[in-house]
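Asker: Assembly of the complex is requested from the two constituent chains, each provided in isolation within its own frame, with the hints serving as guidance.
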Amino acid sequence: MRIGLDIGSTTLKCVVFDENENLLYNEYERHFSMIREKAVDMLKRIKDKFPGRKMNLAISGSAGMGIAQNAGIDFIQEVYATKTAVDRFIPGTDVVIELGGEDAKIIFLDGTLEVRMNGSCAGGTGAFIDQMASLLSVDALKLNDLAKKAEKIYTVASRCGVFAKSDIQPLLNQGAKKSDVAASIFAAVVNQTIAGLAQGREIKGKIVYLGGPLTFFSQLRESFDKSLKTTGIAPDNSLFYVAMGTALLSDGEKTSIDELIEKLENAESEAEYKSSDPLFENEKEYEDFKNRHARNSVKETDSADEIYLGIDAGSTTIKAVAIDKDGAVLTSQYMPNHGNPVLHIRNFLESFYKNYPDTKIKSSAVTGYGEEIIKNAFGIDFGIVETMAHFIAAKNFCNDVDFIIDIGGQDIKCFKIRNGVIDNIFLNEACSSGCGSFLQTFAGALGYSIEEFAKLGLFADKPVDLGSRCTVFMNSSVKQAQKDGATIENISAGLSSSVVKNAIYKVIRASGADDLGQNIVVQGGTFHNDAVLRAFEKEISRNVIRPSISGLMGAYGAALYAKSRCTKPSEIITPDKLSTFEHKAHAITCKGCSNNCKLTINEFSNNKKYISGNRCEKPITNSKAADESLNMFSFKRNLLENYKSTNSVRGRIGIPMGLNMYEMLPFWHTFFTKLGFEVVTSPKSTHKLYRSGQHTIPSDTVCYPAKLIHGHIEALLQENLDAIFYPCLGYNFDEEKSNNHYNCPVVAFYPEVIQANTPGLKDTKFIYNYLGIHRRKDLTPRVHKMMCDNFGKFTKSEIKNALDCAYDEYYSYLARIEKEGSRLLEYAEKENKPVIILCGRPYHIDPEICHGIDTLVSSFGAVIVTEDAVCRKVDKFEVNVLNQWTYHSRLYLAAKYAAEHKNVNLIQLVSFGCGVDAITTDEVRAILEAGNKIYTQIKIDEITNLGAVKIRLRSLFAALEQEAE
Amino acid sequence: MEYKINRIEYTEEMDKEYTILIPNMLDVHFSFIQNLLEQDGHKVVLLKNEGRAVVDAGLKYVHNDTCYPALLVIGQFIDALQSGEFDVNKVAVMITQTGGGCRASNYLHLLRKALAKAGFPQVPVISLNVAGLEKNSGFKLSLPLIRKAMAAVVYGDMLMLLRNQVRPYEINAGDAEKLREHYTQKLCDDFTQSKGFTKKEMQENLKEMVRTFSEIPMEKTPKIKVGIVGEIYVKYSSLANNNLEDFLHEQGCEVDVPGLLGFLTFYIGNKLEEIKLYGGNKIKEFILEQVRVYLTGIEKIMIDVINEDGTFTAPMPFRKVHALAAQAISYGCDMGEGWLLTAEMMELIEHGYKNIVCAQPFGCLPNHIVGKGMIRKIRELYPDSNIVPIDYDPGATKVNQENRIKLMLAVAKENMQKENK
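Residue numbers (my numbering), protein chains in the order written: chain Z, 1 to 965; chain F, 1 to 421.
Simulated from the structure, these hints should not be mistaken for laboratory data. You may find that some hints are simply not true.
What the hints assert, rightly or not - With a Cα cut of at most 20 Å, we get these calculated SDA-like pairs of lysine to any residue: (1) F:Lys406 to Z:Leu249; (2) Z:Lys609 to Z:His583; (3) F:Lys276 to Z:Arg782.
Just chain F, with the same shape it has in the complex (with noise of 0.2 Å):
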């Protein structure tokens, strides 16, 4: 019996005439990404199947124990092979590998057994990491991609922050999502020209943004405001959170979100972090200590842009949420979203947010310890917080999910009557 799985690289020639899968985990972000991918000269597409399918392809080809990330992403690759939409002698699928002691590194792998389960032995999977795991010669990261990418990603979180704050109170239902859909496109238009990547573009851009969703007609009435903080994926996702923030929304909250740019930087910070604890390389952390630096600056001026318009609360600087963790966990504590996600609850607090959904799959490891682990603490420490752990999985269903909030938004709105008296 054969054991070892091929591993297909994705070679130079593929890249001429295949098409790039890549999984969805947040709209906006997503679409820039793969806008970007498109003009390094890829053909990409931005998946978008959800439903039962991807659930029970994900169930029959992946572990059931396996996390409910996991088993999506794969579900959703291998229902979109079997749709008949795609050449699958001419497609390709990418999937990031973080390279931590999470299981999430291994994504990649249960991808590639799930493939040679499924009948598609034949469809490359690219890695798409900055930890030197795998190399493909058909797709490279370039440094400019890379920075464009980070780009990318401070203008998916300033729509993202700035659409949660006008949603629940604009006066015409729907300006919001369209004035973040204009954006999309807008920017989209722009990244093809090559616009929008330097700082002072970003400047500009930003601060137009930030005017444009002043300006929506608002009626700013009393809300309980909710955090959301959690695994990466289930986070962010609406395929893996049940349409989470979507429902909040429907029971009348404003919903914050922090964004992905404090994951990078927490993630370039760990490898610093590693050094500073292990020891460790000191080329490798002055090159760190310069990435470091530079998404400090851009989050700089997605702060500075925010408040000197005033109108909206900005995300506290990565340095801050940095330090508020001390005082719960350690730096060390760097696997899955370690130590981040402990620091994003207490940042939320801090910000009015103390009403905190915490959604983690069911079993994952890190959040055992960082999520459920530290609501004590935090509670020790802000002892007017509220919040729930969710978990999420295939059997879970959403009336007892939907049910485990409503308490918490129960309590939420008699602290906040409380607050008012």
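Bound-form chain Z, shown alone (with noise of 0.2 Å):
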């Protein structure tokens, strides 16, 4: 007999076959991170149902490979053993779609045997599936039942499950139906795993499906089997694939099975995990920590004539505060928001109106992610961006409070105060948030409450060392642990000190204390758990200020901006229309512009109207969209725009528009038009135009504007042109303010990869010269061979008169640049209106790449101009980097130009992935930091949450009107 043991991320697998490869038995359970105990019980229940045989055993799976090791068993490679066994029982396969705990792979069997499995950056899995049915307050299995109802799916990312919170944590707080989310999540799934993983190679033939998600969910099936236009195989015991090839490839002498239980059994593990000191060394030095932090408490009150109400919608819960007019707390409600935030403020307001029928309530502010919807539903007073909400807070327990740091459910907040004022912000990044949700998820998986599982952690003797990254990588950090045979206790140890290193390294940045400030206050839902604080503090070595009620802070802070601003009565809802209330919600497609905003209509009992969503007020207020012509954004994309095609006299070529073309069109325009060419650019970039180049995206890992490109090319294969034109341009114009004019590695050479994985391509004639734009005089031989080879004759003169054209018009689109510039900035001193520099390159006025962020800034009433409108304003300086890349040295001379000058504030666009904006991002807070000026980024990838966007650009906008103050 044969037993082939497949020991997953989270789950154990069994099967046993005979001499005849007959399936005999087969198990399947959870193992919880009790590996080794299962696996024995596994065995001994095998035992039981056939006494007295002989076996073969191998081991297979992502967790199982420590264990065999340690028990000198077989080990086989998981997908080599799916292979075997769909080899074997499904003949004629030609790709295997399996998705497992964490992990995702796709096999291709026909032709040469080829493997793509998720690389470190990739979610999309099972794991993922059940963090987002948490999310839904539902279980997995439910997400399939809602997802057969769906009618509409939005655009949900799937790379990790962090960035897909992000996108469905707003989507349902604008009241998004479950059942169109639930199919949103499986479609980002099949999203995921398609362009992730198959990465060029086109998924057809014979398809098998295999593991658990692809078992258990109808829906994910069918989600890839409308993406992949075909129907896919779920064969029998499509769970037991690894199982069944690891069975089969178990080799060697037979033995009992008591030997093997044995073998398990004496399995050592090598504890030998990196490890940290302990949290706390012994139970006084927690008596005394606890002391010391019961001193921040907040005065409690039973009875109020009068009261404030401060409500905080966050992310993943609702925090409600009452306050009398001393600030006492008359009830405080802390509830997950499953969701729905509408539903839970209102149960609270019932019951509060029940419990306190003689209290009234004075004035009422809402702050978080969900203040519009709640204001508009229940008449709330003011609204207040979150950051200042947290500030009013904590300056009550610490008036001189100089640095805040929040960790909540999805994310964390930081901003120093400086001279009273909020001066610096940080936000987490979509993909480095390690934040409560996330010690919720592990706890979970571990089979833990939150609060028992961070417990576990504070008397831990050796915590893991686990780094600081995001949830992803942590899972296989985790794993990695528990293979080195860490305990539960020091997991979660471990896993609260990543919690406070994420924030401190990856949030803030800081180097040390001192880099944060003398005043540390610290709140959010996280900060209640003990081993977090402490694992905080001890890394700082600083003691800090936890306000007892560190949760609520933001309700709080709400709560007592509403005191401070109530002039008038208040209008919330009264208790009658209380209890005819009534929320609907139905989704549409704004059509207003072009960002086509996926927009949320909600509907209130009293007649109120909610819109979420959009980017602008036009679906709103049914105006025009925020005025265009303050927004350079808009005044460039016109100006490409105007270079339309003509006449073909010589030939059609196309030109995709991406990358440095946002840049170089005016450029090659002009020259192809001039030689008689008609110039075709490729469309608009949309999602749908990304998707269809996704097939031959190599790196998964490359900026979202580099994969775009891909969509642009495959969209000029349909125009029957002569040629595409996308030459590689190693270097960039010189314009003589940095020490080189590079582009960076991707934009110069990024004509390769298409040149290399578009096979569309072998139709069409390809033209990526490597060309030297900044040599201007040698580049008329090179473009005339050039012209030459493709195209047939061309005099020299001919081509040096186009490019000089081509000069001349490269120069006065940069001077058309500049003056509006000018316009803009003098027009913004006259009407003393705030500027924005919103900074990044050339290509990110793509809309798709932006994502309409311009059009949001605009919204609040800022002019916006572009770095390149003010970059030939300020002289070459010396900057503490190498400053050897074109675009990128403008970046450098905006911040310059915003730190000199009044009234203008630098926000940097950053692409996902880039990594030179690793070494710019830096510098250019440096450069606004020495000017006293706040420095703002803002991530963007194939998706951004707006929502997060929009909290950032509110308390930038709060804290420059609280500085002119």
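Answerer: Structure (structure tokens):
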């Protein structure tokens, strides 16, 4: 007999074959990280079933490697096991798609065997689906039922759970239907699998679905079928293919099952993981710690005639606090929002009116993600941006607070206070959020409540050192620690520390306590957790203040704000109206402009309507969008749109509108037009366009602007062109403000990636010569050769003339931008309007890349200029880094300009995965801070959580206002 | 608030009493370089500190999205400075600066920023570059020194190659390693006496190496042959790649890691290529051509010696590697490891190392193009190639990386069995 044991990240699977490869037995269970014990139990059950038989055993699975090694049992790589089983039982299979707890794989069996596994940055797996289900407060199977009723699909990022969460949460908060969200989650997994794993190879032929998620969720299979335009096979035992393959591959001498059990039981784990100091040495230390923090309590009261209500409608939880005129808390509530903040606030208000019939609400304020919807639904008097609410609350506990850190359910907010003004704001980027919900997820996965789980870590002797990374990475770090024998206590303590490290080093990017401040107030639900608090104090070697209501600070601050602003009677919903309160939501797509925002229309029984998902005021007020004449992004877009195609004499040339073409179009358009070519530019970027080129993207971690190029090329391939022109430009123009003038490697050489990965180019000429636009004289003969090689005869002077015109046009294009910049700056000065330099790269003006953030900034009444409009107004200066990329040197110059001009501030757009911006962001920040300006960075990717961007912008504008006062 | 961090020049004065710290990338090569610098009159320490402390120092003082090599090298310096082992007022640090469009040219500046942040603003940072980027009166690269360094690279490459080709087959485990250590020591002694740098001496030394290595008792059982390519630091440094070579060895593979000489030739060749593509200075072109010819010359010595003996597989001449690349990528693609990385994969496949680990730092920009970006093309050209790209960064875990490599090995094993049938 042969046994195959598949030890996955979350489950154990086991099969037994007889000599003729008949399946005698199979079993499946979750192991909750008690791998060895559960495996031994499983073998014992097999022993009972088949007493006295000799067996071959092999182990497989992502968590099986260590135990196999220690026990001296054969290990079979799991993908290889799958392949073996599929070869045997479903011959003729072309492609296997296998999703597991934390792994996703595609195995191509036709032709050369090729296997794709998810990289170190990839979600879209069972754990991801579980996480999303808990976000919707349903179990995973219910998710499947929900998805059956879906009417529409939202775009949800599935790169990792954290990303998706920040897409889904706002959808839920804005009232999107759970069924639609459920289907969107499955679609996201499909999208991630195909985009992230197939990487250029088409999935076609006989397709087999394996693994837990594809076994349990019919809707996921359906979603795959739809996307692949085929019907895949879900075989019997689809859960057990790895185990089956493992059993088939097991060889060597057969032994008795007792021997195998003994081997496993004696498998020693090497307790050699990296560890750090215990959080508390002993009980006494913990007692002292508790006593010290008990001092920061808020006053409470039993009754009040009048109260001020503060609500914090956060991303995963809702907090409400009622305070009396002295700031004492009458009542408070902390509840999970389960994707429906409106319902929970309604319940809270109902019980409040019931419990305190004689108390009058004098005034009310709301903050947080759900601010707008709650305000509209219940007639709350004031809205206040989260950062301000927290600051007001913190000041109440520590008047000279100079640093506040708030770790909430899924976001980390930190801000520095300088001279009584919020000075610098740090919010976690979507990718690095190791926050409250992160701990919760782990606790849940290991079978604990968050409170129990955190307590476990308090006295752990050797906390695991897990580093500071996002959830997906953390999963495998924990896996590794378990493999090395870390106890649950030590893992718990390690996770608490990692949350803290993540906040300090990744979000704040501080190098020590002094970087933070002297008087630090910590808040947010996650700091309720003593282990996290202690880890924080240990990490910065300084005691901090944790108010007793640390989880309620946003609401408390809102209540204080309501109190300070109260001038007239509150308009909050009355008990009568509340009893008949109703809330309906439906989704539409706004057709107001090219942003095509997915809107959710919320209607309330008070006849109030609230629209969410919008970038501008247009769908709400039905007016035209924010004044476009003050938005340089739209000015530049219009300029580029003017380069229309003319008649073709010599042929039709396609140009993909992406990356540096956003600046080079005037140049090449003029060049080719002068020579009598028709220039066809690829259409506007859309998500659909992106998807059309997705199958040719070889590296899933490259920036989104680069990924988009693939779609543009696909679009051009439909145009029946004579050639597609996309040259490699290692060097950019020398603007004489930097030490060198390169393009970044991706911009410079991306045509090579296109050339090597686009099958469609076999039938269309693709011109991607290396050209030196920075050496004008040397360029002519080279371009001449290129043109003659591809299109027949041209005279040198003809080419020279066309190039001269191209240079002229390019420079006049830049001049137009500069002129418009000057106009806007003068206008802002005269009208006393705030100016935002919204800077990045030329291609960031693509609405599919910047996601309409420019419109959003405009809606705050700011005048937007771009980096290329101001960079020539600043003299060259020395920076602390090697200033060697043309586009990036403009950022430093723009920062300098902002630093030196009142009323001018800067927001830097950074594409996720941009390696060069790891260098520029720190430098731009340093330049701004030297000029006492606030640095704001917005990370953008395929999908961007506009809710978070809004908070960031509001905080910035609130801080600027505060500063001005 | 003060914005600009002042650059401290490394002066002649300092050089009299300062110790220069250099990071480690390749044990043998860098021991040689250390030795050469000492003969040039400097006090030099080759840093060997590793472990979590290095990574943590890197994470603390370098932007976490910066490439892993920068994080490690800077982490290693800061960890060393904080260790108390050195007088931080009498120490300088040295780092290479290649001067291309890749982020790597910025390591020096990131290091300087990190030093300031960590409280060592007084420590001078010396740029080791041939591009004329930053100059220091206390440290100059002389032409003879460069020539010696090139010889050292050849020796290093040869020792790496011989060890890799003997180690999987040696009957007495450890023989190859012992011999490698012996030669490292011997050559350092030779260098101290200014011996070993002429072409003739090189030829003699290399011959002896090949002979003695071939005399190690070996048993030629069939092994899976795996090549390693990648971003230069991650490719070579065991600190960065979690002891990749040792892991592959434990899995019973023969490993080939293309040498450093090819990278130098590539680097020089690029300058020539750029002149061809974009235009440029004729004098510069002439000088560069001389260097290229010299490098080709010493490469030939090495290859001839190996081929004459016949026991081992010699590296492919650079000229041929260069020619191979043209099927996949253009020579203008020169940032980072550029087209060479693609070409090295092809070289390995042509030499029977069809299984390849392409090692890169997470988010490495050039590797999006020349590594991951070219794998599809290479598979088209060589359908039986078996390539796995592996990302390295402070968060990536060994278990994940090893699992992916094991998969590549399982496929390799199957292919090998098929071929033997």
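Asker: Give me the numbers of the hints this structure contradicts, sorted from smallest to largest.
Answerer: Every hint satisfied by this model.
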